[in-house]
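Work the whole structure out from these sequences, hints included.
Chain residues, written in single-letter form:
Protein chains: 4
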Amino acid sequence: MTTQRCRDIAHVSAAELRTAVPSQTAEFLVAQLGMEEVARAGDSVYLHAWDDYEMFTIKVTGAPEPGIGKTWLRAASEEALDRRISAIEGAGLGGRWQDGECGLGPVYEFRDPDGHEIGLYWRTRWYEAPDGQRPALKNQAARFPGRGANVRRIDHINYLAADIPAAARFLEEELGAQLTEQIVLDDGTPSAIWYHVSDKSYDLVYTSDWTGSSGRLHHVALACDQREDILRAADVCLEAGIHIETGPHKHAIQQTFFLYVWEPGGNRIELCNAGARLVLAPDWRPISWTAAERAKGQAWGLKTIESFHTHGTPPVHQP
Amino acid sequence: MTTQRCRDIAHVSAAELRTAVPSQTAEFLVAQLGMEEVARAGDSVYLHAWDDYEMFTIKVTGAPEPGIGKTWLRAASEEALDRRISAIEGAGLGGRWQDGECGLGPVYEFRDPDGHEIGLYWRTRWYEAPDGQRPALKNQAARFPGRGANVRRIDHINYLAADIPAAARFLEEELGAQLTEQIVLDDGTPSAIWYHVSDKSYDLVYTSDWTGSSGRLHHVALACDQREDILRAADVCLEAGIHIETGPHKHAIQQTFFLYVWEPGGNRIELCNAGARLVLAPDWRPISWTAAERAKGQAWGLKTIESFHTHGTPPVHQP
Amino acid sequence: MTTQRCRDIAHVSAAELRTAVPSQTAEFLVAQLGMEEVARAGDSVYLHAWDDYEMFTIKVTGAPEPGIGKTWLRAASEEALDRRISAIEGAGLGGRWQDGECGLGPVYEFRDPDGHEIGLYWRTRWYEAPDGQRPALKNQAARFPGRGANVRRIDHINYLAADIPAAARFLEEELGAQLTEQIVLDDGTPSAIWYHVSDKSYDLVYTSDWTGSSGRLHHVALACDQREDILRAADVCLEAGIHIETGPHKHAIQQTFFLYVWEPGGNRIELCNAGARLVLAPDWRPISWTAAERAKGQAWGLKTIESFHTHGTPPVHQP
Amino acid sequence: MTTQRCRDIAHVSAAELRTAVPSQTAEFLVAQLGMEEVARAGDSVYLHAWDDYEMFTIKVTGAPEPGIGKTWLRAASEEALDRRISAIEGAGLGGRWQDGECGLGPVYEFRDPDGHEIGLYWRTRWYEAPDGQRPALKNQAARFPGRGANVRRIDHINYLAADIPAAARFLEEELGAQLTEQIVLDDGTPSAIWYHVSDKSYDLVYTSDWTGSSGRLHHVALACDQREDILRAADVCLEAGIHIETGPHKHAIQQTFFLYVWEPGGNRIELCNAGARLVLAPDWRPISWTAAERAKGQAWGLKTIESFHTHGTPPVHQP
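First to last, the protein sequences are chains A, B, C and D.
Quick note, the first sequence lines up with residues 35 to 353 if you use the numbering used here.
Quick note, the second sequence lines up with residues 35 to 353 if you use the numbering used here.
Quick note, the third sequence lines up with residues 35 to 353 if you use the numbering used here.
Quick note, the fourth sequence lines up with residues 35 to 353 if you use the numbering used here.
Be careful, since some hints might not be right.
Note that identical chains are pooled: a pair holds if it fits in a single copy or bridges any two copies.
Stated by the list, open to error - Okay, derived cross-link-like pairs now, EDC-like style, lysine to aspartate or glutamate, Cα gap no bigger than 16 angstroms in a straight line:
no.	residue 1	residue 2
1	330	279
2	104	135
3	337	61
4	172	327
5	172	162
6	330	162
7	337	327
8	330	207
9	104	143
10	172	220
Bear in mind the hints are in silico, worked out from the structure with no lab data behind them.
This is how it looks when you write it as structure tokens:
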């Protein structure tokens, strides 16, 4: 009855945001969040956060509607990658190998049971700052920008999904992730699940899509360093006319200090404080929150605002 | 040429401080650092930090001289524990099983090549707050104290050792840890090594003991949440007459924001910010610092003060 | 058309909270807010904040219902005091001299047009820390407590009042205060007014009492140092079961970073960050906010919660 | 024996930095400190900090050597200005009226007893953000930049001077300032004096020039909001190759949290936290520090580095 814990997924490494206004979305990521543009290809722009050892952190792609494109997960080793692909193919989710992009080696692309696109890979090129732009400290990928929210890396993805139990099986069996917290409805079914693959207390989250749709996004989260960075980010977004949806405040679930904004294309972005809370116990006992507990609001009493329950991307069009 | 990464040590869980003034040391940990006393046995006091899921974080033990007693490391599983013990015994460092203490199950106790006492274990009892003292949020071990430095858990141990290459082999081969940063002298020998077993950028550090002695301690580090907590801790220590050795400042190596104080028994304690910087790359490329780079001082230019190089516990007595 | 600016009131120095549970109110001020008890007299307890140069900051007095008792204002000089008393008596608000309490010299006590009790004085005894409790830095009144919110001094009082224009005349003509910001209804009448006597951007606030009652309190504000202190205070209040009404967030008006809690007796207490924003212009041009602007919520979009408009002390009893 | 306190000087409003590399100095103020260029005239650039209600905060002027040019002080009223000019002329320091620059009305220019140029004025034009660049909150002068140190206004000037007692008389009698803290040598002579004209604990400082020279500058200080802003500023200056002289740390004297850097032209700039500590007592009792106390170092034990005692601008050339 012990846990053998060989983590096959090392971390979430990047995400693709679809947006009808790709230039504005990229400009927001640069000017307000502190990222740097590192490459362009077709109608996509690749952006890098200063503490990301890989080539890119967010890919922005022009599309008719907002939403999440691919999510990239780095395997912990070549063998770990093989193991995960076997599991994925065994579950009938099998995808196919693609040439990598922007520094990534070959990527195994498939869809989770709800239809979100995921890319698994092992080989990757490390980010190297251009000459004349090397960071002062050599244990850091890129210069600290000193601009806006100064996000340091991607933190997590929160997907909307039609079938949460199916998502849970996928996370556990195909990805080898571990549940840390969940919301469980009175009838016993989970309506939101937080899983981690790293020592962070969560990396991948699925939330029940109240519209019953598939493949949608709740939010992509980028990591700031200190809570003060998130307070300052609120002022920066206020000045830039970026819609602040809710926060800054502290979640009861996972205790994340958060700010939610909508990037110009409409996707919800969370700025969260990174890493102060870690889940180091290899046999962590998942925390379950009831609907009644959830209704109490956030840690310090803020009521969850309506749009947090209803806004997802792409929007759902009524027939 | 890939890395198979199955971490057998989950994390550093606790450390024992020897001190000639155990009551004062424990009082410092409670009043200035925000820990709680959870048990006493013989001349030892067990103290708990609010975010530690296990029963204790620091054990304070009366002794003629200051220094480090045991360091406890939790295995990632029963099998991982077996694997590590085999490696340890294979290296001729074999120890013996002891009954656990203060919530720990059976502990396999042995000494590293330099003589520091280490306890490995898998089974453990989780901390449960007494009735009437439950934390407001159920994903938290104990109430947030709101007192002094509010340390949340142990962060790392920095041992002094006579033979750094031997320590490196021990960390890699017997514990399965990974090197993240090191200081390498001009003749190619490492003089200080930082290894991690978790996603934190380091958990166990060995620094060359300039006296050639064995088994000594440079410091034990406790994790604060925000940099502001460390600034406030400086005021708290100032008011209590606790010796502030250096800081607050930011290390170039590992980029830790730090404060070093000497607890009343003389052991050096670091307060550091926890977790904003993570090393998530499974194939992290260790950073090497030269003596010349080291001489430049800390990240923002603070020169390393003399006592940081000379003070260790126990003190070395000249014949 | 210039402003001759000789400030006769130096600052708000202390306030008296009435409460049906004085022991609990005092315990909250000590344990959660970081104050120290300095004296008791009758059913009153005097509490001191560490950066207050005078003897007490808050007086807690047992009473059937919560509410504000006296507010003490220190004059800038003996002559300034005389000038203010002449103005007050000229306005028909004349009061009488009382013996001071807890370190205060003689106090001229009177009521503002809405009935709130105010004490004006010049002579005062400075706080001196008891032997063995001197602060480490001699330019500081008392030891930094390192406990809870660590409030450093009183910041401002926000009174509810039936007649805001009458309050404005009183502040300007009798106290010599200056308007910095106000809410002006569409019919041109002010519904809330912020005045300063110091370089802080406000010290005394009057808000229209929607019940038409007189002499009530909206809140007493205590100053924290950094925004981080206010975030930490939220955790401290959460753990102690103190009702958090709203925040932490940033007001659009005055840009104060705030947390509102209800002390155990029911009075609203604000924790605010002190002093980063100063109004140094001697000819400051008051900022007027419309009801429409006010309806937009706080700086970062938080909607003002209902109780913020309805809760005052003492409660209003319906016939 | 009371103090009649009618402050005739409202605040320090701006300072002129001489520099041999004016473009680099201005670029540093914009890129690393977060100011905005608002005007140019001749070889001067005017820069504005976002919370300054007037037109400019720092004037950068090309000159063969670094140093302080003019310091501008705003009077509290027209009458206050007249009173100060009478005092200055009575002391034989009389200067002359000049046309104002960059928004200032007529300025009365004179020199302090040590030769530093000071401009006194009452009339001033308020800063108005250009169309399309209005701040989101109308009680704020300019947009929050979200860039580098985000300095909000000038905080204080620290002049080097040959004769400190003469400077003290000038501050008290000609400017009407009040002493809050000082360093007094064992022979009873002051070697550094901190005076305030506002509720900030100091605005104008004179430090004994160890070279016996006159008219030199120790540093100009710009105000940040939170201590975290100063920590972040250290990273920003590190990346930009700006020389960090000392800090971040906390002064014992005045308790300022500080960072000292040298701008590209060589003038020392302090970034300090603004306003948390106020001196509100109208009869504040000046704090005197002995040379022995000063030798203990800063609040948390940092020893004062040598260059802090020796570097001033312009440099002193040996014959």
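We went through each hint and held it up to the structure:
With identical chains, the CA atoms of residue 330 and residue 279 are at most 16 angstroms apart between copies only, with a shortest distance of 13 angstroms across copies and 19 angstroms within one. In this homomeric assembly, residue 104 and residue 135 come within 16 angstroms of each other (Cα to Cα) only inside a single copy, at 12 angstroms, whereas the closest approach across copies is 49 angstroms. For the homomeric pair residue 337 and residue 61, neither the shortest alpha-carbon distance inside one copy (31 angstroms) nor that between copies (29 angstroms) is at most 16 angstroms. For the identical chains of this complex, residue 172 and residue 327 are inter-copy neighbours only, at 11 angstroms across copies versus 46 angstroms inside a copy, given an alpha-carbon limit of 16 angstroms.
Taking identical chains as interchangeable, the C-alpha atoms of residue 172 and residue 162 lie at most 16 angstroms apart only when both belong to the same chain, with a minimum of 11 angstroms there against 43 angstroms between chains. Proximity of residue 330 and residue 162 under a CA criterion of 16 angstroms is satisfied in neither setting, with 46 angstroms inside one chain copy and 24 angstroms between copies. In this assembly of identical chains, residue 337 and residue 327 lie within 16 angstroms of each other by CA distance solely inside one copy; the values are 12 angstroms within and 22 angstroms between copies. Proximity of residue 330 to residue 207 under the C-alpha cut-off of 16 angstroms is found in neither arrangement, the shortest distances being 33 angstroms within a copy and 47 angstroms between copies.
Only within a single protomer do residue 104 and residue 143 lie at most 16 angstroms apart by alpha-carbon distance; the minimum there is 9 angstroms, versus 47 angstroms between protomers. Proximity of residue 172 and residue 220 under a CA criterion of 16 angstroms is satisfied in neither setting, with 52 angstroms inside one chain copy and 18 angstroms between copies.
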